[in-house]
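Participant: Next come the chains, spelled out residue by residue.
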Amino acid sequence: MVNVRIFVTYKQSVFDPQGETITEAVHALGHKEVKNVKVGKFFDVEIDQTVKKVEESVKEISEQLLVNFNLETYRYEVMEEA
Amino acid sequence: MVNVRIFVTYKQSVFDPQGETITEAVHALGHKEVKNVKVGKFFDVEIDQTVKKVEESVKEISEQLLVNFNLETYRYEVMEEA
Amino acid sequence: MSTEMTPQEIKEQKPYLDWGLTQKEYEYISEKLLGRLPNYTETGLFSVMWSEHCSYKKSKPALRLFPNKNERVLQGPGEGAGIVDIGDNQAVVFKAESHNHPSAVEPYEGAATGVGGILRDIFSMGARPIASLDSLHFGEINQARTKYLINEVVAGIGGYGNCMGIPTVAGETTFDECYTGNPLVNAMSVGLMDQKDMQKGRAVGVGNAVMYVGAKTGRDGIHGATFASADFADDRETQRSAVQVGDPFMEKLLMEACLELTSAHAEWLVGIQDMGAAGIVSSSCEMASKAKSGMELTLDYVPQRESNMSAYEIMLSESQERMLLCVRKGHEEDVKAIFKDYDLEAVVIGRVTEGHRYLLKHQGKIVTDIPVSSLTDDVLEEPSEQKIPQHIIDAENSSNWKPQIDNPTEVLNRILQQATIASKESFTQTYDSQVRTSTVVGPGSDAGVIRVRGTKKALAMTTDGNGRFVYLNPEIGGKIAVIEACANIISSGGLPLAMTDCLNYGDPNDPEVYWELYQSVKGMTAACNVFNTPVISGNVSLYNENNGKAIFPTPMVGMVGLIKNVAYTIPSFVQAEGDIIYLIGETKADYSGSELQKMLTGNISGSLNDVDLIEISNNMQKLLSAMQQGYVASCHDLSEGGLAVALAETTFKTDLGLSVKMALNSAELFSETPGRFVVTVSPDKKESFEKVMEGNIKEIGQVTKTPQLKMKLSDNEIEVAVEEMQQLWEEAIPCLMKSKD
Amino acid sequence: MKFAVIVFPGSNCDIDLYEALHTVCHADVQYVSHKEKTLAGFDAVMIPGGFSYGDYLRCGAIARFANIMPAIIEFANAGKPVFGTCNGFQILTEAGLLPGALKQNNSLKFVCKTVALEVNNKTMFTAKYQDHEIINLPIAHADGSYYADEEVLNELEENNQIAFRYAKENPNGSLHNIAGITNERGNVLGMMPHPERAVEALLGNEDGLRLFKSILLGSQVTGEMR
Ligand SMILES: Nc1ncnc2c1ncn2[C@@H]1O[C@H](COP(=O)(O)OP(=O)(O)O)[C@@H](O)[C@H]1O
Ligand SMILES: [Mg+2]
Chain A
1 MVNVRIFVTY KQSVFDPQGE TITEAVHALG HKEVKNVKVG KFFDVEIDQT
51 VKKVEESVKE ISEQLLVNFN LETYRYEVME EA
Chain B
1 MVNVRIFVTY KQSVFDPQGE TITEAVHALG HKEVKNVKVG KFFDVEIDQT
51 VKKVEESVKE ISEQLLVNFN LETYRYEVME EA
Chain C
1 MSTEMTPQEI KEQKPYLDWG LTQKEYEYIS EKLLGRLPNY TETGLFSVMW
51 SEHCSYKKSK PALRLFPNKN ERVLQGPGEG AGIVDIGDNQ AVVFKAESHN
101 HPSAVEPYEG AATGVGGILR DIFSMGARPI ASLDSLHFGE INQARTKYLI
151 NEVVAGIGGY GNCMGIPTVA GETTFDECYT GNPLVNAMSV GLMDQKDMQK
201 GRAVGVGNAV MYVGAKTGRD GIHGATFASA DFADDRETQR SAVQVGDPFM
251 EKLLMEACLE LTSAHAEWLV GIQDMGAAGI VSSSCEMASK AKSGMELTLD
301 YVPQRESNMS AYEIMLSESQ ERMLLCVRKG HEEDVKAIFK DYDLEAVVIG
351 RVTEGHRYLL KHQGKIVTDI PVSSLTDDVL EEPSEQKIPQ HIIDAENSSN
401 WKPQIDNPTE VLNRILQQAT IASKESFTQT YDSQVRTSTV VGPGSDAGVI
451 RVRGTKKALA MTTDGNGRFV YLNPEIGGKI AVIEACANII SSGGLPLAMT
501 DCLNYGDPND PEVYWELYQS VKGMTAACNV FNTPVISGNV SLYNENNGKA
551 IFPTPMVGMV GLIKNVAYTI PSFVQAEGDI IYLIGETKAD YSGSELQKML
601 TGNISGSLND VDLIEISNNM QKLLSAMQQG YVASCHDLSE GGLAVALAET
651 TFKTDLGLSV KMALNSAELF SETPGRFVVT VSPDKKESFE KVMEGNIKEI
701 GQVTKTPQLK MKLSDNEIEV AVEEMQQLWE EAIPCLMKSK D
Chain D
1 MKFAVIVFPG SNCDIDLYEA LHTVCHADVQ YVSHKEKTLA GFDAVMIPGG
51 FSYGDYLRCG AIARFANIMP AIIEFANAGK PVFGTCNGFQ ILTEAGLLPG
101 ALKQNNSLKF VCKTVALEVN NKTMFTAKYQ DHEIINLPIA HADGSYYADE
151 EVLNELEENN QIAFRYAKEN PNGSLHNIAG ITNERGNVLG MMPHPERAVE
201 ALLGNEDGLR LFKSILLGSQ VTGEMR
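Protein chains in written order, with full-length UniProt numbering: chain A, 1 to 82; chain B, 1 to 82; chain C, 1 to 741; chain D, 1 to 226.
A couple of the hints might just be wrong.
Partial list, derived from the structure: chain B residues whose beta carbon lies under 10 Å from chain D [stated by the list, open to error]: (1) D16; (2) L66; (3) N68; (4) N70.
In silico BS3-like pairs for lysine-lysine, Cα to Cα no more than 30 Å straight-line [what the hints assert, rightly or not]: (5) D/K109 to C/K424; (6) D/K113 to C/K216; (7) C/K661 to C/K685; (8) D/K80 to D/K109; (9) C/K622 to C/K522; (10) C/K740 to D/K113; (11) A/K38 to D/K109; (12) D/K113 to D/K37; (13) C/K653 to C/K564; (14) B/K53 to A/K38; (15) C/K57 to C/K522; (16) A/K52 to B/K41; (17) D/K35 to D/K168; (18) C/K653 to C/K598; (19) C/K147 to A/K11; (20) D/K35 to B/K52; (21) A/K53 to B/K41; (22) D/K109 to B/K32; (23) B/K35 to D/K109; (24) C/K740 to D/K109; (25) C/K336 to D/K37; (26) C/K622 to C/K698; (27) C/K456 to D/K37; (28) C/K457 to D/K213; (29) C/K69 to C/K11; (30) C/K147 to A/K52; (31) C/K738 to A/K52; (32) C/K365 to C/K290; (33) D/K37 to A/K35; (34) A/K52 to B/K52; (35) D/K109 to A/K41; (36) C/K365 to B/K32; (37) A/K53 to B/K53; (38) C/K329 to C/K361.
These are computed hints drawn from the structure, not numbers from a lab.
Think of the CB as a built atom: it goes at the ideal place given N, C-alpha and C, for glycine as much as any other residue.
Produce the entire structure from the sequences given, and follow the hints as far as they go.
Facilitator: Below is the structure:
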């Protein structure tokens, strides 16, 4: 078993109203030192690598399901072997 | 400037319906090698550390705003100094 | 910023062809309109403003057929939305808009921004949106991609409307293979206003300020307006994305601020228009053009989200949630203060000028200097060729399909499970249909009904379209679309006031498609004239194709009706045991394009029988009069699935049943002759009702206490438990959506 | 008795609460902007549904920092009635005036429909209902799944703080079928269902009316609210 974390973020040019609103809220709280909040999501998955190569699995589930390429891109990290 | 990524996840004891649904969808796609999908969110923030210590900022904005301790916990990583 | 092509390079390399401008148009612009070569920015402006979406250059000859005036119309087509007088110095404002192409690419945001756009059209007129509707057409629910599209589109419509707090109260959802790769996503919004608050998108008065309010401008949706004619590149790998993302929270603030301005400080305001397709360029030059003014804008003042945006990008961006105002000179600060109160920025980006020049400056340079009218009025209208499709000629020359039904109970149970007929509750439950607490009737009836607070009035509203009929005969199909919308309004007890539309077709350069467009508009026009429902606003969406094949020509009709006394809002469900059931309208052998034909043959084919608009209109008028006198307990119009489905539907969610006996046979039970109604009347109103209706009605049975549907036909009998049918009808779509393929 | 309906940026059921109180109950009611700092002169605070700040972080998470919040907290701590529906409930939990939190519905979808609720009439907000009465109220939310840890749930049960429970089906996955709770003192109520949408026969449901009548009655009986 391998633990993988897949990070999904908005592409740079995509308007992120969520991030914008949270940044404003952080500033309203007085944290002017915080510049630019961006929101992303991540998926932690366990993969049984005896069945399929890890990269292959990650690539397939990300591209088929987890990521919306109109707006998002992804990256992943192999966390540890369980 | 320091870039920090703050990870927010449900506490272990809290049911994560999204993770469950995605796990099912992954299996429906035929990826039986993928075991257990958990979903989390992260916030990327830039912090001007001349104003305030980075940990202090992160701790404050997380605990005041970004995290609801009834449900969630958080962790953070300093990504790089910009 | 990449260096832009020079005018000469543009002439040689012809990038405008990709932006949707034809060679002929380019030459006309250079030689006749400007007398010089347009620069890069100007070429961009022409290409979006001369697109079908902004100029209607292809569809205009057809659109001219539509009637757009009557004694109630206060504002016809040409502004953000049309306006109709509803008495008491109030008016209803409505319009529909298609977001088919954006939704095919990015279904959630495409649908969401479709709702956002139509809401801006309404509040830019000075009206508060009070309800939304949608009209959705998808492929058959048998592919993962279609299920994804359905889920995301429905979520996008709900996501935006729910956050804005505008109830989504009615709509339609149909399924046919032709929409597989190209779903139709049409949204309609209805607003209410005091007539004194009426606004126009005009920029008059030299020296008055042009102000930009709302979200910042990014590079989203550049060439969205012309996107219909160009393919979308696969931008998986890139960091760039042209997809517009909706921000309903921003729009909510923008709406409240704009309504405060138009209702409380109208004297500061000269004109207001939303930035829809083609963003700043279309809103600003249309405002100038309508006022026959000139305009000068300094693009550096435009609030920008991304760095290094070029003049071309700033002008063509389709970032959402933005409005353009023309503000009386000297009141700029007052207006800013109102927006500031909502944490919004309002910025002066230019002025109204003398003459008729459209002058844009950016980074110290003049980037555009052209006559305003060259963008708006001088568009080359192209006569399109027309040709009757072969399938229609063939159908005229062969006989129509006739069903043979041995087991009507089984057919009824099956037809109730067809996606187009089955309950849409799993979708409509994700829409907030009650917010603003004025929803008298929400999704699941013939029309949505919204009361007008402080009066006895209510507004009934519906969207209807049936591509199958229009495909088989565009002119008759066009008539039927209007009939069906009127029938839904009448069923609720409303007087049809006027309509809006979304005309969804394939590539108009295909003479067969253009013929369909023209003929169907002709048919709709004939019906509008008879029903006195002028077309006060609308929208055209062309180039809708699935695998190179045009969709069914699908004009969507959005209609609003006035219920004089909300107490006489008529439910579509049966009300009490013993009530008498009537059928209004003749039933003929209308099986071409029916749900029955599709279910039994897998296809639709044949020719349509023409409809008698005058007779249908007479029936409707009498029925409405009976309703207004309190004689009608319930009413439901007949559409897909015919009488059988309509009768079944009137019992759902009640604990009652029906017992009917009629001279029709099993096949006729499913015929889809338009303009028919089932009505229930309490026995003590029987005489009065029949007197008002003056014949042309048939008594067919009674409402029963036992929750069963019993029908005696000329050739067979049906007896089913209501609960059983209701379950099939309710579970069909959730079941299809879950099934693995 | 004077009611304040709080308006946050993005609130959209404010008009519904206002009309229910003003037009239907003929009560004295006024909108109060999130920018205000005081609630002087008011006897009850009503926090409406909607999408404060777009609900772009967790629902209610940003609203809890609005200018008006300290005044609301003070008002609650003084034992005066504070009512929140839908987003209002979420804001009250985020602000710590009510325990627990509201998670995304188990269905992962927004749901708008009428649901059956069992009422506990031992609160000042429900006095006009019968105990264990089953009523129907509309819900309209995407994040209404009530969560609290075991200990909190037990306290809620023991102290009679659960004012409304989903009776027939649980539409969102709430623990203990919780649809609405009060604070320990009983003067703060948060609930996901919308009683303000059910106060007129014309709209098909009057089951919510008695909640507002209960609040009005409370002030008459105790007379202490002024
Ligand atoms: N996408 C939708 N949005 C809102 N309401 C819908 C939608 N699709 C269907 N409905 C509702 O479902 C009911 C049935 O729709 P439909 O069969 O088109 O009715 P009709 O035949 O009377 O026009 C109507 O109340 C309609 O408003
Ligand atoms: Mg109908």
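Participant: For the pair supplied as a hint, A/K38 and D/K109, confirm whether the alpha-carbon distance does not exceed 30 Å.
Facilitator: holds (24 Å)
Participant: Would you mind confirming whether the straight-line C-alpha gap from C/K740 to D/K109 stays at or under 30 Å?
Facilitator: holds (20 Å)
Participant: For a C-alpha distance cap of 30 Å, please report whether C/K622 and C/K522 respect it.
Facilitator: holds (26 Å)
Participant: Does A/K52 lie within 30 Å of C/K738 when you go C-alpha to C-alpha?
Facilitator: Given that 30 Å is the threshold and the Cα spacing comes to 27 Å, the pair holds.
Participant: Holds or violated: B/K53 with A/K38, Cα cutoff 30 Å?
Facilitator: holds (20 Å)
Participant: Can B/N68 be said to touch chain D, with a Cβ gap under 10 Å?
Facilitator: Nearest chain D Cβ about 5 Å off; hint holds.
Participant: So if I understand the rule, the pair passes when the alpha-carbon distance is 30 Å or less; does A/K53 with B/K53 pass?
Facilitator: violated (42 Å)
Participant: Within 30 Å, alpha carbon to alpha carbon, are C/K57 and C/K522?
Facilitator: holds (18 Å)
Participant: Measure nothing beyond the straight line between the CA atoms of B/K35 and D/K109; if it is 30 Å or shorter, mark the hint as holding.
Facilitator: Holds, because 24 Å separates the two Cα atoms, which is no more than 30 Å.
Participant: Using the nearest Cβ pair, does B/L66 come within less than 10 Å of chain D?
Facilitator: holds (7 Å)
Participant: Straight-line Cα separation of C/K653 and C/K564 no greater than 30 Å?
Facilitator: holds (27 Å)
Participant: Given the hint that C/K147 pairs with A/K11, does the C-alpha gap stay at or below 30 Å?
Facilitator: Given that 30 Å is the threshold and the Cα spacing comes to 25 Å, the pair holds.
In terms of the numbered hints stated before, the structure departs from hints 6, 8, 12, 17, 27, 29, 34, 36 and 37, listed from lowest to highest.
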